[in-house]
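**Q** Chain by chain, the residues:
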Amino acid sequence: MMALVLFAGLLGAWQLYADLGNVDDLILPAPAQIATALWDDRALLWHNLLVTAQEVALGILAALVLGLACAAALHFSRVLRHATYPLLVASQAVPVVVIAPLLIVWLGFGIAPKIAIVALVCFFPIVVTTLDALSRVDPDTLKLMRTLDASRWTAFRFAEAPAALPAALSGAKIAVAIAVIGAVFAEYAGSSDGLGHLILQSIPQLETARAWAAVVVLAAFAVALFYALDLVQRRLVPWTSTERPL
Amino acid sequence: MGSDREQAVVVQRATRRFGSVTALADVTLQVATGEVVAVVGPSGCGKSTLLELVCGLESPDEGTVTAAPAALMAQRDLLLPWASALDNAALPLRVHGAGRREARAAAAPTFAAFGLAGFEGSRPAQLSGGMRQRVAFLRTLLAGKPVLCLDEPFAALDAIARAEMQAWLAAALERWAHTDPATPTATPAAAGGGSARTVLLVTHDVEEAVLLADRVVVLSPRPGRVVAELPVDLPRPRAATDPGVVVLRAAALDVLRSAPVAAAR
Ligand SMILES: Nc1ncnc2c1ncn2[C@@H]1O[C@H](COP(=O)(O)OP(=O)(O)OP(=O)(O)O)[C@@H](O)[C@H]1O
Ligand SMILES: [Mg+2]
Numbered sequence: 001m002m003a004l005v006l007f008a009g010l011l012g013a014w015q016l017y018a019d020l021g022n023v024d025d026l027i028l029p030a031p032a033q034i035a036t037a038l039w040d041d042r043a044l045l046w047h048n049l050l051v052t053a054q055e056v057a058l059g060i061l062a063a064l065v066l067g068l069a070c071a072a073a074l075h076f077s078r079v080l081r082h083a084t085y086p087l088l089v090a091s092q093a094v095p096v097v098v099i100a101p102l103l104i105v106w107l108g109f110g111i112a113p114k115i116a117i118v119a120l121v122c123f124f125p126i127v128v129t130t131l132d133a134l135s136r137v138d139p140d141t142l143k144l145m146r147t148l149d150a151s152r153w154t155a156f157r158f159a160e161a162p163a164a165l166p167a168a169l170s171g172a173k174i175a176v177a178i179a180v181i182g183a184v185f186a187e188y189a190g191s192s193d194g195l196g197h198l199i200l201q202s203i204p205q206l207e208t209a210r211a212w213a214a215v216v217v218l219a220a221f222a223v224a225l226f227y228a229l230d231l232v233q234r235r236l237v238p239w240t241s242t243e244r245p246l
Numbered sequence: 001m002g003s004d005r006e007q008a009v010v011v012q013r014a015t016r017r018f019g020s021v022t023a024l025a026d027v028t029l030q031v032a033t034g035e036v037v038a039v040v041g042p043s044g045c046g047k048s049t050l051l052e053l054v055c056g057l058e059s060p061d062e063g064t065v066t067a068a069p070a071a072l073m074a075q076r077d078l079l080l081p082w083a084s085a086l087d088n089a090a091l092p093l094r095v096h097g098a099g100r101r102e103a104r105a106a107a108a109p110t111f112a113a114f115g116l117a118g119f120e121g122s123r124p125a126q127l128s129g130g131m132r133q134r135v136a137f138l139r140t141l142l143a144g145k146p147v148l149c150l151d152e153p154f155a156a157l158d159a160i161a162r163a164e165m166q167a168w169l170a171a172a173l174e175r176w177a178h179t180d181p182a183t184p185t186a187t188p189a190a191a192g193g194g195s196a197r198t199v200l201l202v203t204h205d206v207e208e209a210v211l212l213a214d215r216v217v218v219l220s221p222r223p224g225r226v227v228a229e230l231p232v233d234l235p236r237p238r239a240a241t242d243p244g245v246v247v248l249r250a251a252a253l254d255v256l257r258s259a260p261v262a263a264a265r
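Top to bottom, those sequences are chains A and B. If you're matching positions, the first sequence starts at 1 in this note's numbering and goes up one per residue. If you're matching positions, the second sequence starts at 1 in this note's numbering and goes up one per residue.
Bound-form chain A, shown alone:
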């Protein structure tokens, strides 16, 4: 409710600024113009959203699978952890704009390089939150597993892995925004559709309102994805659902 009021207030202020200020329509269209573009271009926007949504969803999924596996491996091997952690951080510092064209060259013009880029940017937050959760499992619980004659693997399976899954989903939630940005850059680097591609096309065509409409759709998609992940987390890990909802 508060979120809605705040949102309406911000929109009003924006509309006023666009009407009264002397900013060119071609740089900052008013909300009313964007709304019109949203309606007029709805088929175009919808088609391109489906493309981008698929890239983002598959990318996050790939990052979840790889991130969980990688975090487990790093958790098991201290040597591996110390050896690869700086590399992991460094991978996060490589700008997407630089790596995207390279991936297009390697993986072609299709959806594969987009998934790779989204997975790349989501991988790090997922690994970090998962690794953190694994390292914070109660040592007394691990002691209990030892008194039950559990092997390292059995202890992981019954006491540590169930703590890792919700953490990985938290990481994915953190990564949603950056995943959407990653997909847009990936489309900039080379694609024939997707919302990023649409934005890139609209600006030189002076269709600024359409570009902004695409941005609105992207933002709405990010919000929807965030809450979808939140819902999955609640479903999969109902024991934490006593925590306050977002």
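Worth double-checking, as some hints may not be accurate.
[As the list claims (entries may be wrong)] With the C-beta cut set under 7 Å, the calculated list includes, among others, these residues of chain A facing chain B:
(1) Asp140
(2) Lys143
(3) Leu144
(4) Thr147
(5) Leu148
(6) Ala150
(7) Thr154
(8) Pro162
(9) Gln233
(10) Trp239
I should point out that these hints are in silico values taken from the structure, not numbers from a laboratory. Glycine included, every Cβ here is placed at the ideal spot set by N, Cα and C.
Chain B with the ligands: place on chain A using the hints.
**A** Frame of chain A, contents of chain B with the ligands only:
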């Protein structure tokens, strides 16, 4: 104690230090198979450390500890928050390789005997403190070890729930005492009270010790040493108001109070 009985736990002149802290100093203790021994002592005197030595989680810096396989019920219940009560109790069976269905089938019949019928599917957060404690106890039993190490199993409970659990444990011990100690197993029947167990019970409640144990071992403040061993030759079931219980309780308290002097010797 008598060398005529088979010993399940033998601690010989064991010392355990953590850095500059000596938790246990020169402790000697024997527990015969089928015997219930209570260890009392002030907070921080090394009671939990003693149990961890017996369970093989720690090794002594000096002296030796030999014990039959022992299961530990820790001070905190350590239930897995994501697993149901039934799955928590059945955890030892899962760890030993049983499938989910098989483990549940083996653990389920014990729930009624523990007053947990109907709560099989509840998560730990939905259980009362006493229920959580019973699930943890059940898990310890289902580990199928001949020795049970109980670390203040009822400390977290309110007075009424504690009295209830004490009476319940006393009855369970009574049942085990009349069965063959040679065949401890992890079958449901055993968990419900089939075979005899050797019990090492840590508590700081002297009354609880006298009510439940065959023998009470009193430790001094840190570093923990054995300052007294009081045999409890009283008929069961015992009540807190029995004259014998009252006398022994007073005696144990006396030793506890004078213990610092004994330790400083
Ligand atoms: N792993 C450890 N590392 C360092 N110090 C420890 C460790 N375990 C126990 N100690 C210390 O050893 C001493 C005895 O601890 P222990 O837990 O055995 O006492 P306790 O008698 O069980 O106490 P309480 O009644 O509070 O449970 C304490 O001073 C404690 O701080
Ligand atoms: Mg303790």
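**Q** Checking each numbered hint in turn, tell me which of them this model violates, lowest number first.
**A** 9
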